[in-house]
Every structure is written in C-alpha cells, then in structure tokens.
Amino acid sequence: MNFPILSSIIFLPFLGALFIFLSQSKTSSNKSAIYVSLFTSIANFLLSIFLWYSFDRNFTGFQFVEEKNWISGLIKFKLGIDGISILFIVLTTFIAPICILSCVNSVKSRVKEFLITILVLQTFMLGVFCSLDLVIFYLFFEAGLIPMFLIIGIWGGPRRVYSAYKFFLYTLLGSVLMLIAIIAIYWISGTTDLVQILEFKIPKEYQYLLWLAFFSSFAVKLPMWPVHTWLPDAHVEAPTAGSVILASILLKMAGYGFLRFSVGMFPVASEYFTPLVYTLSTIAIIYTSLVALMQEDMKKLIAYSSVAHMGYVTLGIFTFTKQGIEGSIYQMISHGLISAALFLSVGVLYDRTHSRLINSYGGIVNILPKFSLIFMIFTLSALGIPGTSGFVGEFLVLLGIFQKNYFVAILASLGVILAAAYMLWLYKRVIFGKLNNDNIKKIKDINLSEGLVLSLLAIATIVFGFYPEPILDTISVSSDYLIENYKKDLIYHLMVNK
Amino acid sequence: MEYLILFLPLLGSIFGYFGKSLGDKFSIIITSLFISISAILSIIVFYNGIVNNIYGNYKIFEWINSGKFVVNWSINVDPLSSVMLVVVTLISSLVHIYSIGYMNKDPHKPRFMSYLSLFTFAMLTLVVSDNFLQLFFGWEGVGLSSYLLIGYWYKKNSANNAAMKAFLVNRVGDFGLAIGIFLIFFHLGSVNYQEVFKLIPDFSNTDINFLGLEVNLITLICLFLFMGAMGKSAQFFLHTWLPDAMEGPTPVSALIHAATMVTAGVFLVVRCSPIFEFSQIALNTVAVIGMITAVFAASVALVQNDIKRIIAYSTCSQLGYMFFAAGVGAYHVAIFHLFTHAFFKALLFLGSGSVIHAFNDEQDIREMGGVWKKLPYTWVLMLIGTLALTGFPFLSGFYSKDAIIEFAYLRHSTVGYSAAIVGIITAFLTSIYSWRLLFLTFHGKYNNKKISLEKTHESPIIMLIPLIILGVGAVLSGILLKNFFIGQESTNFWKNSIFFINELSHDHIPLWLILITPIIVTIAIPISYYYFIKNPKILENFKISYNKIYDFLLNKWYFDEIYEFIFVKPLKKLGDIFWKRGDENTIDRFGPDGISKVVKYISNKAIKFQTGFIYDYAFVMLIGLSALITYLILK
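Protein chains in written order, with this note's numbering: chain A, 1 to 498; chain B, 1 to 635.
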C-alpha cells in the first residue's frame with residue numbers, strides 16, 4: 001500500500017494541535033478548540049479502526065511498513081505494526097476522544113493549551129507503538145514524558161510540583177540507561193533497525209547488561225515494585241484526563257516495550273532474569289494490593305491497584321507461554337479500559353464535590369443511582385468477575401504462569417482475593433450506606449456526555465468479557481511468532497556457545 | 001427450548017431493570033413471567049429426558065481461544081443438569097411470585113426482581129456448562145448476585161458488611177476452584193468435562209511435585225475443587241458467611257442461601273464424580289468435612305434465637321449430609337437429598353418470611369409464640385416443612401435422609417460407619433432444633449410486646465400459593481421420585497452423568513437401621529415439647545450452670561472472632577506497614593526524596609563558592625593555577 005497510513009495516524013493529532021495553536025486568538029472560544037480536537041481524535045479513531053480492519057491477521061511479520069531515511073545512513077524513520085501493536089494503537093485512539101470529552105467538565109483554566117498538550121501526547125504515544133527503529137522509539141518514548149510532566153505540573157492539584165518532579169526523576173533515570181544501551185546496540189550490530197537487529201542476534205555476553213538497561217526504563221514506567229511510588233502521587237495530582245492517559249496508555253508503553261524489545265532482542269537474558277521478574281511482580285501484586293486496601297484517597301487506591309494489575313502483565317509476558325503472553329496483552333488492553341473508566345468515575349465525583357477522600361462520601365447511591373450502577377460494573381471488572389474483560393486477561397495470565405511455577409501462581413491468585421477486598425470495600429464506603437455528609441446532598445447524577453463516555457467503556461468491558469475473539473484472534477499469529485522466535489533464538493545461542 | 005430456559009431469565013433481568021420507567025408493575029410481571037416460562041420448559045426437558053431419553057449438547061459460541069486453551073459457551077443437558085434445571089427454575093419462579101407480595105412495600109422492587117432473575121441466569125449457566133470455565137463463570141456470577149442481594153438494603157451497614165463477607169469468603173473458595181482448573185488444564189490439556197473425564201483414568205497413578213510435596217495429581221485436583229465447593233456450600237471453615245447472609249430479604253435466603261446456590265458445591269462434586277472416584281483420600285476428606293459441618297451447624301442451631309439464622313444453620317448442616325453422602329460415593333443420593341431439601345427448605349424459609357411479615361419484621365423467636373390459630377396456613381405449612389426436614393416417615397426428607405444413612409452404612413468402611421452414626425446423631429439434633437423453632441414460634445405464650453396478638457395477620461394469597469406448591473413438593477417429591485433417583489430405575493435414569501467405579505452394594509439393610517432414625521425423630525417431638533414449652537426452667541438452669549458451653553454454641557464456636565484475629569486485622573496492619581513504612585519511609589526516603597535532598601545539600605555547599613566577591617574568585621584561580629603549574633613541573 002502506498003498511502004502512508006501509519007504516519008497519518010501518528011501525525012493527525014499533531015496537525016490538530018497545530019491548528020488549534022495557530023487559530024488561537026482572544027476571540028475564538030474554547031468551544032471551537034474542543035470541537036477541533038474532538039473531530040481530529042474521532043477521525044483518528046476511525047482511521048485506526050480502518051487500519052485494524054485492513055490488517056492481515058495471518059501474516060507473521062510487520063505490516064504497513066514505511067521507511068524513510070532520516071539521518072542518512074545512520075537512522076531510518078521506520079514504522080510498521082503487527083498484531084500486538086495494532087491493538088494498542090486502537091486503544092490509544094479510543095481513549096483520546098474520551099479524555100477530550102472529560103476535560104470539558106474538569107479542566108477550567110487554559111483549556112486550549114490543555115487540548116494541545118493532549119493531542120501532542122497522543123502523537124508521541126502512537127509513535128511508540130509504530131516505531132521499528134530504536135532511536136525513533138526512544139524519541140517518542142521519552143518525548144511522551146514532557147506533555148505528561150506539563151499536564152501534572154500545570155493542571156494538577158496542590159502538590160503538583162512535587163509529583164511532577166518525582167515522576168520526571170524516576171523516569172529520567174531509566175531513560176538515560178536505555179539511551180546508553182541503544183548506543184551500545186548500534187556499536188555492536190551497526191544498526192538501530194529493529195528488524196535487522198532481530199536477524200543479527202545480539203551476542204549472549206552483551207545481552208545481560210543491555211537487558212538490565214532496558215529493564216530499568218520499562219520497570220519504572222510500568223511501574224514495577226519498588227520503583228512504583230511515583231505513580232500514586234502522579235495520579236493524585238494529575239487532572240482526570242491526565243490520570244486516564246497515564247493509567248490506560250503510558251503504563252502500557254512499558255509492557256509493550258518488554259514484549260517488543262526485551263523479549264525479542266535479548267532472549268537469553270530474558271530467560272536468565274525471569275526469576276527476578278517473577279519475584280518483583282509477585283511482590284507487586286501482594287504488596288500493593290495490601291497497600292491499596294488501606295488507602296483513604298480514591299485515586300491513590302486505584303493507582304495502587306494499577307500497580308498490582310500490571311504485576312500480572314509482567315508475570316504473563318515472562319512465562320513465554322501462549323496463554324501467558326496473550327493474557328498479558330489482553331490484561332493491558334482491558335486495564336486500559338477499566339482504569340480509564342475508574343479514574344473517570346472518580347473524576348465525576350471530584351468535579352462535583354472537590355474531594356477525593358473516601359470518608360467524605362457514603363450513600364452516593366441515594367442520589368446518583370445511574371452513576372452507582374456504572375461504577376459497580378467497573379468495580380466488578382477491576383476485581384476480575386468472569387464476563388468482564390478483566391477476567392479473561394487475569395485468568396489467561398494465571399493459566400500461563402501456572403505452567404511455569406506453582407508457587408508464584410498461587411501467590412498471584414491470592415491477589416485476586418485481595419483485589420475483591422479493596423474494590424468492594426471502596427465501593428461500600430463510597431456508594432452504600434446512608435447519606436450523612438451535607439456537602440454531597442445536592443450533587444446531581446451524571447450528565448449526558450459523562451453518561452455516554454462511561455457507558456461506552458462499560459459496554460466495551462462487558463463485550464470483551466463475553467466475546468474476546470476480536471482481540472485474541474488479532475494477536476494469535478503474532479504471539480505464536482514471538483514465542484517461536486524466542487525459542488529458536490534460545491537454541492541458537494546455546495549452539496553458538498558450544 | 002434449551003436456549004429459552006437459559007436466556008429468558010437474563011432477558012427478564014435486563015428488561016426488569018431498565019424497564020423501571022414503565023412502572024414497577026411492568027418489571028414485576030416481566031421477570032416473573034419469563035422465569036415461569038423457563039420453569040415450565042425445564043420440566044418439559046426433564047420429562048423428555050426421563051421418558052423419551054432426549055439429551056443434548058448445544059454450542060452457543062466460542063468464548064476464549066488461546067493456543068490449546070479453547071472454551072465454548074454451551075448448553076449441556078444431561079440427567080444431572082436437567083434435575084438441576086428443574087430445581088433452580090421451579091424454586092426461583094415460586095420465589096419470584098412470593099416476592100411480589102413480600103416486597104410489596106419496598107420502593108426498589110424492579111431492582112430486586114431483576115437481581116433475582118440475574119441470579120437465576122448465573123445459576124443456570126453453572127449447571128448447564130460442559131466445561132470448567134463456564135462453570136467458573138456461573139460460580140462467580142451466583143456469588144455476585146448473592147452479594148448484590150444480601151446488600152440489597154444498602155442503607156443498613158450490617159447488610160453491606162454481610163454482603164462483602166459473603167463475596168470474600170466465596171472468593172477464597174473460588175481461588176481453590178481456579179487452582180483446580182489450572183491443574184486440570186496444565187496436566188490434562190483441556191477444561192472440557194468429557195475430554196477431562198476421559199483422560200482421568202490414565203493419570204490415576206501420576207504423582208507430581210507440588211510446592212515441594214509429592215502428591216497424587218488426582219487427589220490434588222479434587223482437593224482444590226472441593227475447596228471451591230466448601231466456599232460456595234458453606235462447609236466448615238468457610239461457612240461463616242452463610243448465617244450473616246440472612247441480612248438479605250427473606251425470599252433471597254430461600255432461593256439462594258437454601259435451595260439453589262449453596263448446593264452448587266454438591267453439584268460440583270457430583271459432576272466431577274469421574275475424578276473424585278479415583279481418589280479415596282479426596283472422597284474421605286469430603287466425607288469428613290461434611291460430617292463435621294453437619295454436627296457443628298446442628299449444634300449451633302440449637303441455641304440461636306433468630307428464626308432465619310436457625311434455618312441457615314440447618315441448611316449448613318443439611319449440606320453437610322449431602323457432602324458426606326457424596327464422600328461415601330452415593331452421589332445420586334446426595335442429589336436426591338439436594339432435590340428434596342430444595343423444597344422443604346425453601347418452604348421453611350418462605351414460611352418464616354410469612355411469620356416475620358405477620359410480626360412486622362420481628363425475627364427473634366423469643367418475641368413470638370402462641371399465634372398458630374392466627375396464622376393457620378402458615379402454621380400448617382411450617383409444620384409440613386419441619387416434618388419433612390426432620391425426616392418424619394413418608395415425607396420427602398425421610399426418603400433422602402434415610403437413604404444417605406443406609407448407603408453410608410453399606411459402604412462397610414470406617415468412614416461409612418462413622419458417617420452413618422453422625423447422620424443419626426444429626427438427625428436427632430435436627431429434630432430438636434426444628435421443633436424448638438416451631439414450638440417457640442407458634443405455641444406457648446404470646447411474647448411480643450411491640451404489637452398485640454390481634455394485629456398479627458396471615459399473609460396475602462400471592463405469598464401463600466407458592467408456599468402451598470412447595471408444601472406439596474415437600475410431601476410428595478420423595479415418594480414420587482425416589483425410584484428414579486435412588487431406586488431400581490436409578491442406573492437407567494442417571495446414565496453416564498454420574499460415575500461409579502464400584503457398583504454400590506445392594507446388600508440387605510438391617511431392620512434396626514431402617515427403624516432407628518424414624519423412631520429417634522419421633523421421640524424428639526415430645527422431648528422438645530417438654531423442654532421448650534412445658535418446662536423451660538430446666539433449660540434456663542442448664543444455661544446458667546453450663547454457661548461456657550452455651551456461650552460457645554451461641555457464638556458459633558467463635559469462628560468470626562478467630563478469623564478477625566488471624567486474617568482481617570493482620571492483613572490490614574500489614575497493608576498499613578507496607579504503605580507507611582515501606583513506600584513512604586523506605587522507598588521514597590532513600591529513593592527520589594533522598595536523591596533530591598542530596599542534590600540540594602551538595603548545591604547548598606556549592607553555592608558557598610559563589611560569594612560574588614572578586615577576591616574570592618581570584619584566590620580560587622590562584623590556587624588552581626599554582627596546582628596546575630606544580631603538576632606540569634613535577635611531570
């Protein structure tokens with residue numbers, strides 16, 4: 001195909017942002033900016049759906065590849081997707097309009113600038129999922145930091161500066177190491193083109209250090225225990241739209257990175273460090289679930305639960321089994337929907353009462369019956385009730401890990417009980433009971449745009465709970481290919497050693 | 001038709017919930033109507049099965065397909081599931097109709113009816129599943145509906161807590177069930193019943209290393225599956241949620257916490273009889289846990305005062321019966337008892353609902369008494385229920401309970417004999433507490449101070465009709481169906497849905513064994529009349545002189561307190577430690593905050609160099625220059 005569809009998807013939001021920026025004048029209202037950004041993001045979503053539709057599910061390699069020389073002979077601007085990345089692209093373009101809609105209710109100052117930031121951020125995120133060149137990937141991956149930093153730092157809550165710096169400090173540490181690793185890879189293999197690197201097969205002795213460098217970057221972004229403490233703070237201070245993007249997409253970039261780069265380029269090291277990943281993930285699941293149980297701030301609770309849920313993702317990836325890998329991809333997509341919905345729900349309450357503390361609520365169901373119903377659906381998906389997308393991902397991951405290590409599987413399964421405990425307790429304290437607090441007596445139920453957004457997400461989680469085939473079918477061939485290559489590479493390195 | 005049975009309740013639930021705007025009546029009618037049709041169709045399916053031998057497996061669509069792991073949504077109708085279909089839809093439709101009267105004054109009727117239908121749908125998917133994963137879906141689905149219904153009165157804090165407790169304790173069981181499913185898939189490569197059951201005999205001697213222990217694979221699978229069953233069926237250790245679940249409206253207790261959902265565990269064990277048969281250890285565990293639960297729950301039921309809690313413990317105890325029946329290999333008898341129990345226990349619960357209704361929501365039996373003439377229908381029906389429960393001759397409970405004791409005896413093993421003894425003892429305890437309930441509620445002096453005797457009233461006709469149907473079931477279901485379930489027709493009836501390695505022995509049962517239970521339960525009637533009505537002082541004195549035993553029973557063997565002490569508090573404490581000490585005081589302190597502090601400290605020191613005075617800079621430059629020159633010279 002000659003039409004550069006991937007570039008179009010990546011840069012369309014950027015164009016939208018540019019348009020808003022250029023047409024900015026004192027007379028133009030916020031409304032037109034909202035319409036422009038909504039239009040671009042929805043158009044982009046339709047474009048990505050078209051991409052998904054025309055995607056060939058039985059083809060093993062990368063599709064829609066675009067290649068241009070950027071710095072001639074050195075770095076190529078190379079894009080392409082497979083069954084794994086296509087889903088993240090669709091997720092990103094689906095979440096973006098939702099964020100834009102949500103900021104109508106929650107962002108009160110500098111609306112245009114906020115929209116520009118969101119659209120630019122969207123471009124960077126899409127770039128991450130399409131890049132087939134390490135340098136391009138790195139640029140997009142790190143550039144995403146800047147808009148996020150601004151979103152927290154400018155539109156955030158009272159402790160926004162502290163949170164923004166904490167976020168920056170953590171992620172920067174990992175990035176620096178990854179940059180060094182990328183330079184080292186270029187020095188070893190003479191290219192930064194992912195496809196060529198995969199064919200080149202990086203020698204075993206280099207793999208360990210390089211793996212650790214990539215790992216440190218991804219582990220911070222995911223985040224894994226013990227480098228997770230930036231996440232709760234960032235979420236608490238970020239505005240609703242920021243939390244949504246952070247939880248549903250930014251975290252997934254790291255999971256995607258593990259799949260695409262760590263496992264692909266460094267199979268020997270991945271195998272070698274598996275116990276480390278299992279240990280950290282298991283700790284993350286149990287530890288952060290218990291911490292989540294004790295939180296008094298709704299956003300913090302959900303943030304901690306995200307860490308626990310991402311623990312399943314890393315467990316799944318490093319099982320190198322079909323169920324584990326597909327489960328963790330499914331878990332990422334599903335968590336993208338559910339966490340977005342949960343943060344939006346908290347946003348709904350926050351916009352009305354300006355409080356995130358659990359004990360300032362209680363008895364919400366008496367005045368917000370619609371909201372309570374929809375929040376119940378998300379609560380249940382978060383605790384992985386069968387029939388919601390949360391279940392499929394978690395169950396497949398556990399099924400995968402069970403084939404590798406009983407002990408880890410049992411501990412991780414215990415996390416499912418804890419998830420029920422903290423989510424139901426949260427729900428009970430916020431929604432049930434009698435109305436005691438005067439501040440919340442007068443608030444109104446969800447309005448049309450909130451209802452639309454939340455129902456869309458609710459329908460998506462339920463449909464993918466009963467009928468996961470669209471997703472599982474898309475990733476099936478790619479995950480097979482990934483596992484097959486992984487095993488081949490392991491054998492290759494064993495032979496070389498002899 | 002099978003599709004209609006399954007999906008009508010779901011449609012009813014959805015229409016019922018979102019049809020609120022069309023008025024309460026619409027919701028009530030649509031839910032009750034749909035479920036009734038579903039019940040009628042189930043009976044037709046059951047009849048077709050018995051008479052025309054029509055069974056089948058229908059695939060709805062594919063659910064999950066990941067590598068070897070392929071699972072379908074399906075409807076599987078075989079003798080076992082057709083029995084369950086009848087139990088679930090029939091009791092459910094009666095409860096729906098009863099609720100129309102019982103919940104009459106409630107402002108949220110559509111929500112209530114919708115939840116009831118949702119529950120029915122989940123339970124039906126559970127019983128018609130042809131694989132373990134759909135079973136798991138139904139399993140958690142019924143748990144969810146039970147959670148929603150226990151917490152139905154969301155303004156009551158105790159109801160919300162009870163709902164959460166029910167869900168969490170059930171999740172502990174579900175965790176076991178999930179591990180069981182993982183084991184099955186990992187070692188047998190499928191989760192489809194037929195494929196798994198076919199492969200099981202090949203694995204009967206396989207040992208695996210599980211967490212450092214060498215264990216027989218099948219035993220391990222069975223024990224984990226049974227853990228799930230224990231949670232759902234409120235067996236000893238995981239029973240604590242059931243009595244608390246009585247916080248929900250009474251129709252819910254009748255449907256979910258007596259007749260259907262709690263029997264899911266028994267159903268699971270029976271469904272997996274092709275697996276359990278290969279592990280004697282697992283079967284013995286099932287039997288022993290069943291026996292302990294039967295005695296334990298009956299002993300606690302003796303001293304409780306809340307009418308619904310007594311019946312709840314009674315349910316627990318009867319479930320114990322079903323489990324030890326399954327544990328001694330008499331799966332068909334377990335299902336028979338499940339079947340009859342559904343009728344008389346639903347009758348008792350709905351009857352007690354009628355009593356509670358009469359006393360304006362009073363549940364303490366010490367506050368009742370002497371009203372049998374005022375509530376004649378309720379009284380007669382409760383009497384039937386009590387007689388059936390205690391196993392009074394020729395009522396339904398008589399056939400199923402005696403059959404359990406007899407089959408246990410015929411096993412001729414230690415477990416079998418002890419099960420028979422436990423069965424007889426529990427039968428005695430059962431009749432004592434059941435008659436205590438009946439006597440204190442309906443006979444003796446009138447004790448209620450809040451409303452006068454004249455104001456107590458019989459329930460409306462719409463509540464009585466379901467009770468009468470259940471009463472008929474409680475009387476006749478035993479005598480009519482025993483031939484199919486456990487008699488000569490049984491092998492022909494169950495076909496392959498229940499599996500036995502060794503044919504059950506058809507030895508002659510000694511006469512004394514046949515007679516002992518009916519005699520004991522009959523003697524219990526005058527005994528309890530004497531102690532509870534004629535001469536209650538004796539018991540009062542007993543309470544005072546042996547107050548430790550009494551308190552022990554009254555506080556349900558202190559299970560709640562122990563669990564609070566070993567699980568709830570330490571976990572909360574741990575969560576707090578991880579958060580405050582772990583995240584804030586360790587990771588943050590030495591991580592980002594530490595780094596920024598160090599940076600700040602160093603830059604504070606560095607600032608001191610920048611004094612702004614030219615002579616300071618000149619001095620530093622001079623030192624630098626001389627150092628450089630020294631270095632160059634020395635080199």
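Hints were generated in silico from the structure; no laboratory data involved. Computed from a predicted structure; not experimentally measured. One thing to keep in mind: the hints can contain errors.
To be verified - The calculated DSBU-like cross-link candidates involving lysine-lysine, where the alpha carbons are at most 35 Å apart (straight line), are:
#1 A/Lys434 to B/Lys373
#2 A/Lys441 to B/Lys569
#3 A/Lys370 to B/Lys572
#4 B/Lys373 to B/Lys572
#5 B/Lys156 to A/Lys404
#6 B/Lys534 to A/Lys444
#7 A/Lys428 to B/Lys450
#8 B/Lys608 to A/Lys204
#9 A/Lys428 to B/Lys25
#10 A/Lys370 to B/Lys25
#11 A/Lys441 to B/Lys105
#12 A/Lys434 to B/Lys534
#13 B/Lys105 to A/Lys444
#14 B/Lys450 to A/Lys370
#15 B/Lys455 to A/Lys370
#16 B/Lys455 to A/Lys404
#17 A/Lys444 to B/Lys156
#18 B/Lys20 to A/Lys428
#19 B/Lys105 to A/Lys434
#20 B/Lys543 to B/Lys455
#21 B/Lys534 to A/Lys441
#22 B/Lys68 to A/Lys434
#23 B/Lys20 to A/Lys442
#24 A/Lys434 to B/Lys543
#25 B/Lys105 to A/Lys442
#26 A/Lys108 to A/Lys404
#27 A/Lys441 to B/Lys155
#28 B/Lys109 to B/Lys482
Said to hold, decoys possible - The following label-pair restraints were derived from C-beta to C-beta distances:
#29 B/Ile562 to A/Ile283: 26 to 36 Å
#30 B/Lys20 to A/Leu448: 13 to 23 Å
#31 B/Lys68 to A/Ile443: 48 to 58 Å
#32 B/Ala606 to A/Lys68: 39 to 49 Å
#33 B/Lys68 to A/Ile367: 44 to 54 Å
#34 B/Ile208 to A/Pro4: 48 to 58 Å
#35 B/Val568 to A/Ile183: 47 to 57 Å
#36 B/Leu476 to A/Ile367: 22 to 32 Å
#37 B/Glu195 to A/Asp473: 17 to 27 Å
#38 B/Ala606 to A/Leu456: 52 to 62 Å
#39 B/Pro376 to A/Glu469: 24 to 34 Å
#40 A/Leu179 to B/Ile595: 13 to 23 Å
Glycine included, C-beta positions come from ideal geometry on N, C-alpha and C.
For each hint, the structure was consulted:
Proximity of A/Lys434 to B/Lys373 is assessed by CA-CA distance (about 40 Å); at most 35 Å being required, the pair is judged violated. With a C-alpha separation of about 33 Å, the suggested pairing of A/Lys441 with B/Lys569 holds against the 35 Å cut-off. Only pairs whose Cα atoms come within 35 Å are accepted, and A/Lys370 paired with B/Lys572 is accepted, the gap being roughly 32 Å. The suggested pairing of B/Lys373 with B/Lys572 is violated, with an alpha-carbon distance near 53 Å, which exceeds 35 Å.
Proposed proximity of B/Lys156 and A/Lys404 is contradicted: the alpha carbons are some 46 Å apart, above 35 Å. Between B/Lys534 and A/Lys444 the CA atoms are separated by roughly 61 Å; this puts the pair beyond 35 Å, and the hint is violated. Of the pairs offered as hints, the one joining A/Lys428 and B/Lys450 holds, with about 33 Å between alpha carbons and a cut-off of 35 Å not exceeded. About 49 Å separates the Cα atoms of B/Lys608 and A/Lys204, which puts this hinted pair outside 35 Å; it is violated.
For the given pair, A/Lys428 sits about 29 Å from B/Lys25 by alpha-carbon distance, which is consistent with the 35 Å threshold. At most 35 Å may separate the alpha-carbon atoms for a hinted pair to count; A/Lys370 and B/Lys25 meet this at roughly 21 Å. Straight-line distance between C-alpha atoms of A/Lys441 and B/Lys105 comes to about 25 Å, which keeps the hinted pair within the 35 Å bound. For the hint linking A/Lys434 to B/Lys534, the alpha-carbon distance of about 45 Å lies beyond 35 Å, and the restraint is violated.
Pair hint B/Lys105 plus A/Lys444 holds up; C-alpha atoms about 27 Å apart against a cutoff of 35 Å. Distance restraint check for B/Lys450 and A/Lys370: the Cα-Cα separation of roughly 38 Å exceeds the 35 Å cut-off, and the hinted pair is therefore not satisfied. Distance check on the hinted pair: B/Lys455 and A/Lys370 sit about 40 Å apart at the alpha-carbon level, beyond 35 Å; violated. At roughly 68 Å between alpha-carbon atoms, B/Lys455 and A/Lys404 are farther apart than 35 Å, so this suggested pair is violated.
Of the pairs offered as hints, the one joining A/Lys444 and B/Lys156 holds, with about 23 Å between alpha carbons and a cut-off of 35 Å not exceeded. Distance hint between B/Lys20 and A/Lys428 is fulfilled; the C-alpha atoms sit about 24 Å from each other, no more than 35 Å. A threshold of 35 Å between alpha carbons decides the hint, and for B/Lys105 with A/Lys434 the separation of about 20 Å falls inside it, so the pair holds. About 33 Å separates the Cα atoms of B/Lys543 and B/Lys455, which keeps this hinted pair within 35 Å; it holds.
At most 35 Å may separate the alpha-carbon atoms for a hinted pair to count; B/Lys534 and A/Lys441 exceed this at roughly 55 Å. For the hint linking B/Lys68 to A/Lys434, the alpha-carbon distance of about 50 Å lies beyond 35 Å, and the restraint is violated. Of the supplied pair hints, the one linking B/Lys20 and A/Lys442 holds, its CA atoms being roughly 24 Å apart against a limit of 35 Å. The suggested pairing of A/Lys434 with B/Lys543 is violated, with an alpha-carbon distance near 39 Å, which exceeds 35 Å.
A threshold of 35 Å between alpha carbons decides the hint, and for B/Lys105 with A/Lys442 the separation of about 27 Å falls inside it, so the pair holds. Taking the CA atoms of A/Lys108 and A/Lys404, the gap is about 51 Å. The hint is violated against a cut of 35 Å. With a C-alpha separation of about 15 Å, the suggested pairing of A/Lys441 with B/Lys155 holds against the 35 Å cut-off. Annotation: proposed proximity of B/Lys109 to B/Lys482 is violated, straight-line Cα distance about 38 Å (limit 35 Å).
Distance hint check: the CB atoms of B/Ile562 and A/Ile283 are about 28 Å apart, consistent with the given range 26 to 36 Å. In this structure the hint that B/Lys20 and A/Leu448 lie 13 to 23 Å apart at CB holds, the actual value being about 19 Å. For the pair B/Lys68 and A/Ile443, the beta carbons lie near 51 Å from each other, so the given range of 48 to 58 Å is met. Taking 39 to 49 Å as the suggested C-beta distance range, the pair B/Ala606 and A/Lys68 conforms, at roughly 46 Å.
Checked against the hint of 44 to 54 Å, the C-beta distance between B/Lys68 and A/Ile367 comes to roughly 50 Å, which is consistent with it. Range check, B/Ile208 to A/Pro4: Cβ separation about 54 Å, and the 48 to 58 Å hint holds. Here the CB-CB span from B/Val568 to A/Ile183 is close to 53 Å, well matched to the stated 47 to 57 Å. Remark: the range hint 22 to 32 Å for B/Leu476 to A/Ile367 is contradicted by a beta-carbon distance near 50 Å.
For B/Glu195 and A/Asp473, the Cβ-Cβ distance of about 23 Å falls inside the hinted range of 17 to 27 Å, so the restraint holds. In this structure, B/Ala606 and A/Leu456 meet the distance hint of 52 to 62 Å, their C-beta atoms being roughly 54 Å apart. Separated by about 59 Å at the C-beta atoms, B/Pro376 and A/Glu469 break the suggested range of 24 to 34 Å. Taking the beta carbon of each, A/Leu179 and B/Ile595 are about 19 Å apart, inside 13 to 23 Å as hinted.
Going through the hint list in order, the structure does not satisfy hints 1, 4, 5, 6, 8, 12, 14, 15, 16, 21, 22, 24, 26, 28, 36 and 39.
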